[in-house]
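Spelled out from the first residue to the last, the chains are:
Number of protein chains: 2
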Amino acid sequence: MATIKAAILGFGTVGQGIFHVLNEKREELRDKLGLELEVAKILVRDPSKERVPGTAHLLTDSIDDVLSVKGLQVVFEAIVNEEPSFTYLKKAVENKCHVITANKVMFAKRGLELQELAKQNGVFVGYEATTAGGVPVIKTMKNILLVNEVSSIQGILNGTTNFILTKMRSEGLSFDDALREAQALGYAEADPYNDISGQDAFKKLMILSSLAFGEQPNWADVEVIGIDCITSNQVADATEQGLRYRHVAEVEKHPDGTIYAKVAPMLVDKEHPLYPIDDVFNAVTMETNYIGTLTLIGPGAGMYPTASVMVEDYAEIIGKRAGFVVSI
Amino acid sequence: MATIKAAILGFGTVGQGIFHVLNEKREELRDKLGLELEVAKILVRDPSKERVPGTAHLLTDSIDDVLSVKGLQVVFEAIVNEEPSFTYLKKAVENKCHVITANKVMFAKRGLELQELAKQNGVFVGYEATTAGGVPVIKTMKNILLVNEVSSIQGILNGTTNFILTKMRSEGLSFDDALREAQALGYAEADPYNDISGQDAFKKLMILSSLAFGEQPNWADVEVIGIDCITSNQVADATEQGLRYRHVAEVEKHPDGTIYAKVAPMLVDKEHPLYPIDDVFNAVTMETNYIGTLTLIGPGAGMYPTASVMVEDYAEIIGKRAGFVVSI
Chain A
79 MATIKAAILG FGTVGQGIFH VLNEKREELR DKLGLELEVA KILVRDPSKE RVPGTAHLLT
139 DSIDDVLSVK GLQVVFEAIV NEEPSFTYLK KAVENKCHVI TANKVMFAKR GLELQELAKQ
199 NGVFVGYEAT TAGGVPVIKT MKNILLVNEV SSIQGILNGT TNFILTKMRS EGLSFDDALR
259 EAQALGYAEA DPYNDISGQD AFKKLMILSS LAFGEQPNWA DVEVIGIDCI TSNQVADATE
319 QGLRYRHVAE VEKHPDGTIY AKVAPMLVDK EHPLYPIDDV FNAVTMETNY IGTLTLIGPG
379 AGMYPTASVM VEDYAEIIGK RAGFVVSI
Chain B
79 MATIKAAILG FGTVGQGIFH VLNEKREELR DKLGLELEVA KILVRDPSKE RVPGTAHLLT
139 DSIDDVLSVK GLQVVFEAIV NEEPSFTYLK KAVENKCHVI TANKVMFAKR GLELQELAKQ
199 NGVFVGYEAT TAGGVPVIKT MKNILLVNEV SSIQGILNGT TNFILTKMRS EGLSFDDALR
259 EAQALGYAEA DPYNDISGQD AFKKLMILSS LAFGEQPNWA DVEVIGIDCI TSNQVADATE
319 QGLRYRHVAE VEKHPDGTIY AKVAPMLVDK EHPLYPIDDV FNAVTMETNY IGTLTLIGPG
379 AGMYPTASVM VEDYAEIIGK RAGFVVSI
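Chains A and B, in that order, give the protein sequences. Under the numbering used here, residues 79 to 406 are what the first sequence spells out, in order. Under the numbering used here, residues 79 to 406 are what the second sequence spells out, in order.
Treat the hints as calculated values from the structure; they're not laboratory data. Warning: the hint list may mix true and false statements.
If several chains are the same, the list does not tell them apart, and a pair holds so long as it fits within one copy or across any two.
Lysine-lysine pairs mimicking DSS-like chemistry, simulated, CA-CA at most 27 Å apart [said to hold, decoys possible]:
hint, residue 1, residue 2
1, K187, K110
2, K168, K110
3, K83, K174
4, K197, K398
5, K174, K197
6, K83, K148
7, K169, K127
8, K110, K148
9, K187, K168
10, K220, K110
11, K220, K398
12, K398, K174
13, K83, K398
14, K148, K169
This structure is a prediction, so every number in the text was calculated from the model and none was measured.
Let's have the full structure, built from the sequences with the hints guiding it.
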C-alpha cells in the first residue's frame, strides 16, 4: 500500500489536534482512501520541547528540513501570522506539496495568490479550517458555486465575541467579566484585540468574499466595529425588548459589481436566523440565485472541530488525485 | 470538446427545472468542467404533449429508447414512485450511466441496492435532491463522514407541514384552511397524505439513516405521527406559552448498535435551533464526534432548489471522473 508523507507546521492546539485525529483515524482513512498516512516532520519554534509524547524525533525548527523529506506530499499548516507562514507554504507548493491551512490572517491576504501558485504547480490548497472552524462553509460554497451564484453572505464568524455577548445577556456580566471568562476557558487569547475588535471576523469575511466573488473589497473601505463598546446596560435594555446583540460580518456584491462589506454589532429579534446562535457557535447565511437562502451553523473553533475539517480536506484532496472522493 | 449526453426521466416541475438550469448554465458548466452537456432524450408518459417549447423532438415514452442513445452517460430521474423508477435506474446503471435522482420513495427503499449496483458498474449515484430539497445535507454528511462519526440526526424534513404549522400560528388558521393555502400555492399535492402523515419526512429520514449508519431501522418499528391531529386551539395555547409546533424527524444510533427513529410533532421553545425555521424551510442538525453539532437550513422544496442540487451532483460526478472537482 502506498504511503503518503505529511508534515505539520506549528504544534499548538490545532497542530496537535491534527496529529491526534490522524492517529485516531489511521485505519479508517487507510480503508477508505487505500493509502497509509505518515506524519514525517513537525515544525516548531523550539524542537527541544516535546509537547506530545513520542513526537520528539519528528520535531524540527527548519522549513528546509521539513521540505527535504523524500516523498513529502501534504503540508498541514497551523501557524498564526502571515509570515513566515506564506513563505513556508509557497515553498511547499513549489515543492509540489498539497497544503492545508488553518491560517486566516495569511489566507485572507495571500489566499488568491497561493491558490494561483498551487494551480501552476498542480497541487491543491485546502482552507476549510480558516473560516468558521468546524462549519464546512468553504466546501459547501464551492459546491454551490458550481451551479449557483452567491450574491451576499452574512454571519457570526467569531466564536469568542459571540460567547462574550451570550454571557453578558444570560448572566448579566459586564464586558470585562465576560471577556475574563472567555480567556479562562481558552476561547480568547491573552491579547483579545483580534477577536473583540472584529479583525478576526473581518479576515474570515475576506476569505469568503474571495471565494464567492473572486475578489475582495478594498480593506480600507470596510467598516469594522468591535463589541468592546457594548455595555451591560445596553444588553439588558435589548433583552427587555426581546432583542439580542450579535456580532455580524456581512459582504455583498451589488449589481454594479462593487463589493460592500461590514463587521459590526447588530440587534436581532427572535425571527432572525442568528437569534438562537449562542456561545461559541458560528453561523453563515448565503443568498444564492437558484437555491435561495442557505444557512450553516456549528462550532466556530476548538481543537477537534478545526483539526477534523483539515483532515477532511486531506481526504478530499487524496480522493481527487485518485479520481474518486469516496463511495459510501 | 467532448460532449456528455444526458437524459431526463419525468418532465414535471423538477424535470423541467433541470432542463432550464442546464440550459441557463450551459456555458458556465462548459467553462468550469471542460465538457459540453446535451440533453438527448426526455422520458414522459405522453410524448404528444410538449410541455417546454422546443423539446418535442426529445420526448419519448420508452426507457429502451432513452437507453439506446449512443454515448448516453448521465440519467436525471424525477419520477415519483418506487416503480418504474427503480427498474429504469437499474437498467441505466447496468448501461454504465451515472444516475442522479430526486425520488425519495424509491431511494429510501432501494437506495443501498442501487448504490451497490452502481459500484459494481463503476458509475455514481447522486441523490442530494431526495432529501431536504436545496439543503446540501447529503454532500455535507458524506464529507463529514470521511473523518467524523454521526451519532444522531434531527430535523424538519418536510416543507409542506412546516408551512401549515407556520400559517396556523402566524395567521390563526385551522389545519384545513392552512392545508388549502398550501395546496393553492402548489406546496401540497391534491392528495396531501404523504406530507401531513409524516410519510414523506420518514422516507427522507431513512435515506439519512442509510448514509449515516449504513443501515435503517425496521420500518415497522418506527413511530410516524402526522400533524393532522393538531388543532388551532393547541397552536394558540403553545404560542401563548412561547412555544412552537415543529414536525420533527429524528434518528439515532445507540451504543448497542440499535437504531431508533421517530417522526412526530414537537413543541420547541425559543432556545431550540428549530424555533425560527418557518414556512417551507427545512433544517437538519447532526451530532458528530469531532465537530460537534452541525446544522443546515434552507428551502425544502421548489423547482429551482431541487434542480440546482441535481445539476451540482452532475458537476461533482463529472469532476470526479476527470480527477478534479473544480478549482475556484
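*asked:* Let me make sure I understand: some of the numbered hints might not hold for this structure. Which ones are they, in numerical order?
replied: Result: no hint breaks.
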